[in-house]
Structures are given as structure tokens and as C-alpha cells.
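Each protein sequence line maps, in turn, to chains A and B.
The first sequence runs contiguously to residue 671 in my numbering.
The second sequence runs contiguously to residue 671 in my numbering.
It is worth saying that the hints were derived from the structure and are not from the lab.
Fair warning: there could be bad hints in the mix.
Quick list of in silico lysine to any residue cross-link-like pairs, SDA-like style, CA-CA up to 25 angstroms [as the list claims (entries may be wrong)]:
id, chain 1, residue 1, chain 2, residue 2
1, B, Lys128, A, Val151
2, B, Lys355, A, Leu167
3, A, Lys362, B, Pro176
4, A, Lys124, B, Pro176
5, B, Lys355, A, Val130
6, B, Lys128, A, Ala118
7, B, Lys363, A, Glu143
8, B, Lys355, A, Val151
9, A, Lys124, B, Ala319
10, B, Lys363, A, Ala118
As the structure is a prediction and not an experimental result, all values here were calculated from the model.
If you want the building blocks of each chain, they are given just below.
2 protein chains.
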Amino acid sequence: MPPKKASPKRSLKPAPGMLSGGVALGRHILIENVQPSVDGGLFPVRIAAGRACTVQATALRDGHDPIRVELLWRSEAQKAWQAVSMHCINPGLDLWQAEFTPPKTGLHYYSVEAWSDAYLGWSKDFRKRVEAGVAELEGPLQEGVQLIAPVAAAAEGADKTALDAALAVLMRPAEPRDLLAAAEGAVEAMGRLQARVDAVRLDPPRALEAAGALAAKGAWYEFFVRSQGPLDRSRSGTFKDAEGRLDDIAAMGFDVIYLAPIHPIGKAHRKGPNNSLTAGPGDPGSPWAIGSEAGGHTAIEPALGTLEDFDRFVAAAAARGLAVALDFAIQCSPDHPWVKLHPDWFYHRPDGSIKYAENPPKKYQDVYVVNFDTADRENLWDALESVLRFWIARGVRIFRVDNPHTKPLEFWRWALARLKQDFPDLVFLAEAFTRPAMMRALGKVGFNQSYTYFTWRNSKAELTEYLNELCHSEMRHYYMPNFFANTPDILPTFLQKGGAPGFRLRLVLAATLSPVYGIYSGYELCEDAALPGREEYLDSEKYELRPRDWNAPGNIKGLISRLNQLRRSQPALGRLDNLHFTHTDNEQLIAYLKAGVDGGESLLVVVNLDRFQAQQGWVQVPLEAFGLPEQGSYRVEDLLDGSVYQWEGRGNFVKLDPALSAAHVFRVQRA
Amino acid sequence: MPPKKASPKRSLKPAPGMLSGGVALGRHILIENVQPSVDGGLFPVRIAAGRACTVQATALRDGHDPIRVELLWRSEAQKAWQAVSMHCINPGLDLWQAEFTPPKTGLHYYSVEAWSDAYLGWSKDFRKRVEAGVAELEGPLQEGVQLIAPVAAAAEGADKTALDAALAVLMRPAEPRDLLAAAEGAVEAMGRLQARVDAVRLDPPRALEAAGALAAKGAWYEFFVRSQGPLDRSRSGTFKDAEGRLDDIAAMGFDVIYLAPIHPIGKAHRKGPNNSLTAGPGDPGSPWAIGSEAGGHTAIEPALGTLEDFDRFVAAAAARGLAVALDFAIQCSPDHPWVKLHPDWFYHRPDGSIKYAENPPKKYQDVYVVNFDTADRENLWDALESVLRFWIARGVRIFRVDNPHTKPLEFWRWALARLKQDFPDLVFLAEAFTRPAMMRALGKVGFNQSYTYFTWRNSKAELTEYLNELCHSEMRHYYMPNFFANTPDILPTFLQKGGAPGFRLRLVLAATLSPVYGIYSGYELCEDAALPGREEYLDSEKYELRPRDWNAPGNIKGLISRLNQLRRSQPALGRLDNLHFTHTDNEQLIAYLKAGVDGGESLLVVVNLDRFQAQQGWVQVPLEAFGLPEQGSYRVEDLLDGSVYQWEGRGNFVKLDPALSAAHVFRVQRA
């Protein structure tokens, strides 16, 4: 045999919590799998302030001693942790749970601490002896006394009185049942006061961003201020005109008005109708070609009015319960003031000229792309952040960010963290229609909401798979979908055929599947004219004024109002993770439970995905969600049209004719 | 509006990799979800040395520039990383993959690095221009030249020649197709030589433990040396007697012989037959009551022989290709030398006496439990480690650890890391029959293998759920199941009724479902006598000598030999994550694919889970796994009994009569 080789001596006494990050491993105890968690705790979890955050952890120790587990939480400003006892909700899985509610917006931290409760272990052991009628209790009693005595000596007030009383019983001859009562009577105080000799804590703690209410729930309405003018298009609509739309929008029940960019529009290479290369003298140009001699990202396009008009519009909206969301598009027209002031913020050709945006062979000569890697990076980033601060100072708290996935993730992480530190109720919506990993990454680095693939998920299988991912994967902790049914860039193919029934069914899906959804104006009029073979609107509002008669016949404003009303009165529609699909025997009928939350009731939604034909079939009712027994009849009431049915058992028949209605939103009650 | 509040200035220039741990986020690039991973990278991944480790990562950047991704790996001893290009196996998911093979045992590290390939981006852009017939190529060409020129200047040898040649073409008027050829000809060299200006790397890297071959694959045979003596029990069996069994065990095809403890057995409170409290004068006692005047954990029970006999036994086993595994049970009989030498290593009563093990009202007076929290902790831990080093120095590399879950996880992490640093081929098997979180935790802190719940998973649903967890969850990266079909402590209820058919079917399951499995001696004789209502053997070998006629009629040694032979010749049976269940229409028939690995063929196993009745049904054949077309017939050959069938299509009929055979292990081939 070879002589044994000496191994370098390592410390025998690693500190508790020696493994840090996602787990904590101390002398005896392991804490792991702390949930909620985003990438193992590297990114903050996001939740609405005032909503309970349920924390779970696996916590265990070797041997047979019981452990205590505590949830610790605090706001960023607080130094002291608040402790909440965690309960073992599944002993077989060593699974512990507790919850805390961040009371207001801002960064919070939470952690989990666990330690052995030697006294509880002793008292359980003592109970076994007493119950088994073991005669020799003297030794065990002495052990109990040794555990209590030093704690009693250090205790104060009622604790001291209680522990001293327990000690007095345990140190005298007594009936076993009296001894046991005294021993167990001290468990609570001992659990609190005993030294936590082997305590271990998750370190660093997890971060949680408590967001504003509109980050977690809201109905959005998108419009172009310039299209709110006279129907004859004789002039651009203004903020003053737009004020006139506010009552209509408020009456439809929206929470957020999102404005297409309101900044001066460049004249160089301005695009004409339908994205044509040459604009006529009266063509207003694309509002995403930002900047002219009238100013850049902190100015108002003169045709819309003044900053004061903007302020008045924001105030008028607020008076009607409407928040204003602005578009933040980091790109410049060749006429943007920055082009002259900071030419080094843009990309240059070898000959020194500034490059316009290109996707060869396509040229976007009306737009210059910003170079985030410029040597003058610090000033560029500061300037961009200042743009947001400018509008924040004017009362704006919601920004829809144009194409954030073409700007560095690092920039967003930096800018959003800084801004939210001062204004924790800010809401950022990422308009990134790109690959899923990038869309998720934007949520991780700070965006509160994201556009989604909902627009292209039409079949039951597609909707079910996608919604289950959004509502039940790790994404639910940081990625809030904003289900826009259309946008100025996207008139989905699905809506281009079939008229109002298609618009109605997609509206019901958007408004009931996600706590945040939106429509772009014109949806209520079922506008469906597209460029041939594309998802672009014909005569797109992006390049011309598009005033409409907002009460034109065939509009679906009634359904919009009713859905938004329900979204306000039914807490179940304001939550993401309470969605559960239920079986129907018809592929064109999709049915889902929105489980009751915050004291509200559970709802059962059934939608006909076929916009052409009536569909019928059997829908499985998850009776337990409604507190209904397996047998007996019950009452379902369609909250959309007030119709009432008497149902029985799990399987019930539904027929939906798209000419009449797209869906049922059922309240389910005992008969 | 309130005046804007100044925000504290933070650094604008966070270093690349500013988020460390499970993800890396740099100026432009995010790397996340690096797999394999255990708890987000906090614990090492384990794989057999010489086997390829497939690494996947999600890597993405903002904008449209392409990225390059590299897998970096090294052994603990190496300083320099070895780089392997990762390939984008799913562009939609930004998923990259490469593999590396740790050539020998020991700790390894791996990481992922990604950076933007500006030149590749430029060349793709240039191709688009050329293909679109864009006339103005001068500007783009200059950009390409600006990228290549500095790299060419710094290049050497063939690279310099190639880059200079490309430059020469690009700087002269030429046909677009020639320009494009020159541009793309430089892609490979530029990809290697360009400065990685925005490189980001996962830091710290992931750890990987490359384990010895027997950690990942092996058939175990457990026996008591003392039972290998004369059938009349006139004396204890010895190591010399045990040597006589080696040919038999080797002939059955086992890889590991695991010996119940071989140390001196205490006399104080020695247990008699069937765990009775009083031993007779001839009773040998439980080998897990370790220590007597003859010595402790580093001594040999005198009745078995001497250390020299042990050495000879180990050498004789090795000569037959058998590795010897010892039992490491950290507990002492009251006669153990440590009790006198180190009384402070044990638990004490208030009166100063040493506590025996108890689970009130049960007393285990023959065993003292070690106190890992003793003030003399450093010496205790050192002594325990020294025990292992003692046997390692005598050639032992495999330890089955008794009840590791009642000792601190921290101890195992400390001891196993130290020992494996010197002897990376060590194998530790955890005998923890406890809750799943603790069983997983032992794997994470260093145990190579674990006992499992297999013993109690009998139905198709139970086996399917459990195996899918073991083979396809994160557990597969650190938790190697050792499927013991029985142990001296467990004669499963399932085996207590039905005789040989039950033993055969559980044997086939153990040997084909897991790369590591074992039986405790007596299994080959289908011994099934239990204490009434319990899973304890009647007249358990734990308390008495149990010599047997190992060739008694009715033994199943033929089947054992055949299975172990197949396990050696079929690489598919030596892998964990290549198991895929396939459908059968009979709940008593379980069928699974063991997909081909390392150049070996795929196998289809069908087992009748009913030990009483013949079962028949249709089995779905995953044709693609065997390279078979949807149509046409093929040949299946049962490798257990040589029978051959002609099958066709996906569904095929199987009938298995437990009186004749438990299972088919099919080779599937084109007719």
C-alpha cells in the first residue's frame, strides 16, 4: 500500500452560511429552493405593493431535532428585519411557507433564517417517555431544566414568570402529566428566547420590487393626438382636441392613455402616406422620426400644441382617473438638435458622415440610430435618463419603450434602477417583439410589462400553452404581459377577416386572460383594412392624420365598457397566476377559471374561438373552485349579457354564436 | 410639478460580468441558464471521467450583431482554459451548445464566454447588399477594411497572409462576387483574432466532479464475511472463507463486493437473534455495534481474521475484477476504545454518564451516538477522516455510509472534499432512507450514490414517476441511484409473497433501470421469510451467522449472470438519462427504451410487473430510436433467452408468463 499522503489542513470551522447565494448551509441546517426566485435570486422578484408575497423554502437539518424557520423582510430604507414564523406546510418535503405584504412601492429584501429548537426536541422526547409510561424521568427532567434555567435567568417580565414557574414544577416530584404540561407550556417562550446557536440565513437576501398598481393591472388605450382633430383633416389634432376625447375614453373604462410620440417630427427624408419615400407638403410624417428645429425628446410637436397644453391634458386625464403613458423611442431624425450638438452620439461612416438606419437593402433615411458605445457614453446615457426625468417631472409615470431590445440591457438596468429609486411607482412597458430570451431579459433588468406573442396565438392549444408559461412558470415573478389586441404596427391577420365577431372575441381574450391589456384606437370601430398580404394597416395612422367618427355604427364600445367595468369590480381579473384552463370537448371553445382573490369571487370564462360559426360543446366546471358539491344544481350568470342558466354537475352544455356574442363570463353560485 | 430630485450618481461603467453567479451580464451580452447546473451552480455537477459533458447556455445580445460563444473548461490543476466553440442549436431560443470530456477523475471547472463578432455582422450585411444588387459598395467596403486592417497588422503567419490577401481584394475595384468571397473568406480568422471588446464570461465558473467509473456504473453484491463459514455454524466465517466465495460472485458478473462492517463487535448489551435484548454466549452480535477491546473502526473483528487476511481478500477480489466496498458507520459500542479515550466525543446525561441511542421508549443500549458538536470537534472530525484514510491506504475506494443523514451535512462536505482531493476515484454511497430533500442534499455535498425509494415503487405509475425524476430532473447531475433490490434491513413486502417470479422481475428492473444496482446475499436464493407484518428478515443475518448453500435449487443465479453480462456488453444499460418509457396498453406491463450511447445499440425492455399471472398487451415501439421506418417489419431478439420475433410497425403484441420469464430485453434490428 502506498503511504498515505498528507492533505492540506483546511479550517474545521467554516462560518454558518458558508455557501451563499441560492442556498445557505450551516453547521446542521440547509436552506434551499427559496421561492419566489428569478434566476436563483440574481434578479428582483416583482409584485404589486400591497399584495401578499408568499415565500416558500426547503429547510432541513440532520438528525431528529426540530427546526424553526423564519421569513425576514424589510424595505430598502429600513435597517431592521421584520420576522414572520414560517410554517411547515409539507413535512415530507421539508417545505416551509409564510407571507409578507410590502406596504408601499420600492425595493424590498427578504431572506429565510432557520435554527434548531433543542427545547422543542427535548419536550417531544419527554412526551414520548410519558406516553410510553417510562418510569425513569429524572435524567430527562434534568436535561429539560438545564435547557430552561439559563434562558429563564436572562428572561424578563411575563416570560421570566412563565419559565420560572415551569422550572419550579420540573424540579419537584410531580405526576407525569403535570410535568408534561409544564414542559410543553414553556415551548413557546423557549422557541423565542433560546440562543440560536446554529442559525443559518440566506445571504445575500432576495430582492423584491414592489411596483405601483398600474404595473400590475390596467386597461390601455393608445391613440395619436394629431388624429383627434376635425374629420375633414383640415388641420392636425391638438392636445386641446384630445382633451375632448377623454370623456369617451374614460366612459369605456380605460385606466391608461398611451400617446404615440408627441415630439417634433423631422422634415429630412420625411415619410409620406403608407410609408412612401416622399412626403407631400401636408404630410405630417412618422412621429417616431423624432426631432426637428422645434426640439427633440423634451419638446412638443408644434402642431399638437405647447408643453402647457400637454400639462393641461395630463391634468384633465387625471381628473377622469386616466394615467398618461408616453412613448420613449431612442432614435433621432436628421433634424434632431442632438445631431448637431452631439454628432459623436451617432454611428459614422468612414467618410465621417452620420449613418442612417438600414436593413440592407432597406434604408430608413429619416432615422439615425444612437450609438450606446460612443466615447461620450456617460453624457449620452445621462441625456437619455434626463429625457425621462423631464416627463416624470411633468407627472408622467408610465413609459412605453420603443424597441428596447436594440439598446443595451445594461443601459436599461442602470437607467431603470436609478429612476425607480426616486420614483418607485414608475411603469415601463417593453415594446420588444423579438425572441423569448430577450423579452424575458428585459423583464429581469427592470421593465414592468412587456408586449407579447398573444397577438399571434389564436388556437386553443396555442393560447393554453402560452398562457400557462406566462402564468405558471418563473416568468410570473418578473414578466407582466400587456395583451395588446392590435397596435399601429400590427393589424393581426386574424382580424383582417370576419369583422366584428373577431374583434369581440380577441377583446374578451385580452381583457380576461391578462391583468394588463390594451387596444389601439380604431379597434372599437373594428377597422380591418390592411396592406395586401401584410399585418400593416392600410393608410396607416403612422404616416397621416386619421380622425374618425368614434361612434360610427358597428362599434363595439359597449362590450369594451362592460369588460373594463368587470375588470374593476372583479379582483379575479386583475391577477395573473390565478388562471386555470378547464376542459371542453370542442377545439373551438376555450374555457378557463379565474380563481377568486382578495375576497372576490371566482369566474368561469368560455370563449368561442371561431369568428364565423356557432360552436357548442360540453365544458368542465371546476366545482371545487366555486365551493360546489359534486351533486346538485347551481346558477350561472353571464356577467356580459345578464343571461342566467341552471347547471348541474361538472359537465355542462354551452353554445356561442359569434353573430350574437363571443363569450360567457360566468358568475357561478349555489342555486 | 415638483422640482426634480437629484439622484445619487452611480458609476456609468460597471465592469463586464457585473452580475455574477448564475448569469453574466456585460455591456451588450447576457449569458444565462448555463446547464448542467445544480442549485444554480452552487454545487458541483458530477459525471464519470471520460464521458462527454454537454453544456448548454442561453446567450444573447441587443441589436442585430452576431455573437460568438465559447465553452471554457479546465481541470483544477490546470491554469489555462481550453476553449471549445459553442454552436447555436436553436437560434429562436438563443440556445448554444458544446461539449467537453474530462479526461480523468478530479475537480474540473467550466464556464461560458461570449462576445460580439463585429466582422461577421459586417460581412452578413455586405452579403445582403451584394445580393440586393446595391450599387454603392464603397462605404461598406471601407468599413470592412477598417475592421480587418488592425487585425491583419497584428496577425502572424498564415492568418496574416490570408487577411492581407482579403484586404488587397477589398481595397481594389472588383466584381461584387469577388469582393464578397474575399470578405467572407476572412470571417474565420477574424472570428478568432478580433479583439473581444465586449466579452462577458460566467464568473465564478461552474464546478464539475469527474468521478471514477464505479461511481457511475456497477453491480453490487453485499454479504457478511462471518456467514461464509461452514454450514453447521460451528464457527464464524473468515476472510479466508470469504475468499472462497469470490469466484462465485465474479461468475455472477458483479463489480463490487460490499461487506457488512468487519470491525470488532461490542460485548456490552450485545443483541441476540432477531434483535433480542440478551445475547447468548455464542451469539456474534450486530456488526453495526462497533468497537471492543480488540479495537475500533480501524481494527478487524478477530473472528474474521487479521488485517493481513483483509488485505489478501482485497487483492484476491481485485484479481477477479471485484472492488471491495466497506461500511462506514459512525457509532460506537460501549466497548469502543474511543469511549475511554475520548468520552467527550459522546452525549452525556446531566449526571455525567454517556447516553446510549434512544427513540423513546426504545433503547439501543449497545450503541453510543457521536456528538459532532463536541468542544473537541476538530479532533473528532480528524479521527473520523483518519478512519477513512486508514482503509483507503489499504486499497479501499468505495464506502457505503450508514445513516449519513443523522450526521451534519457540513461534516460530509468537509470530509469528502478533502478525501477526494487526494483520491478522486473514491465512491461514497449514502444509506439515507429519509425525506427526499435530505437525500438530494447528501448528493449535493459529495455523496456519489444513494440508496433510493426503488424498493417501494412497484406499480407502473410509481416506477414511471420516480424514474423520470431520477433520470430527467436536475437530480441526474448529482444523484446517482443505487437500486438495491433488498438489504439486510429491508425484505420488501413485495418479495414476501410470490417466490422466484417476484425476485426475478425486481432484479430485471433494478439491473436495467439504473446503471448502479445491487442485491444483498440471499436474494439469489429468493429468501423471503420475514418477521410477521414487517420488512425485517426472519432470523436476520444482522444478529447471527447465516451460512447457506449458494447453489440451492430454485436459485436465480443464471438470470443474475445474464443481466450482469448484458450490463457489461451494452453501454445503454450503463447510462442514467437515456431512459424513456413507452406506452403499453396493460398496466401490468412496463416498457422502456434504453437509448444507445457510446456507439452501443438501443434496447427495448418489457417487464411484467405481475408476479402471479401472465400478462399480455400491445407495446409501442419508438421506431425512430432504432432507425426504423414507419412501415415494414423488423426483427427483435430477446437478449435474456435468445428468442426471436418478427415485428411490424409501432404497436406489437407481448405476452409474459412470470412462471417462465419476467421480462424481455430486446435488441431491435432491421429484418
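Next on the checklist: So, against the hints stated earlier in the document, which numbers end up violated here?
Outcome noted: 1, 4, 6, 9
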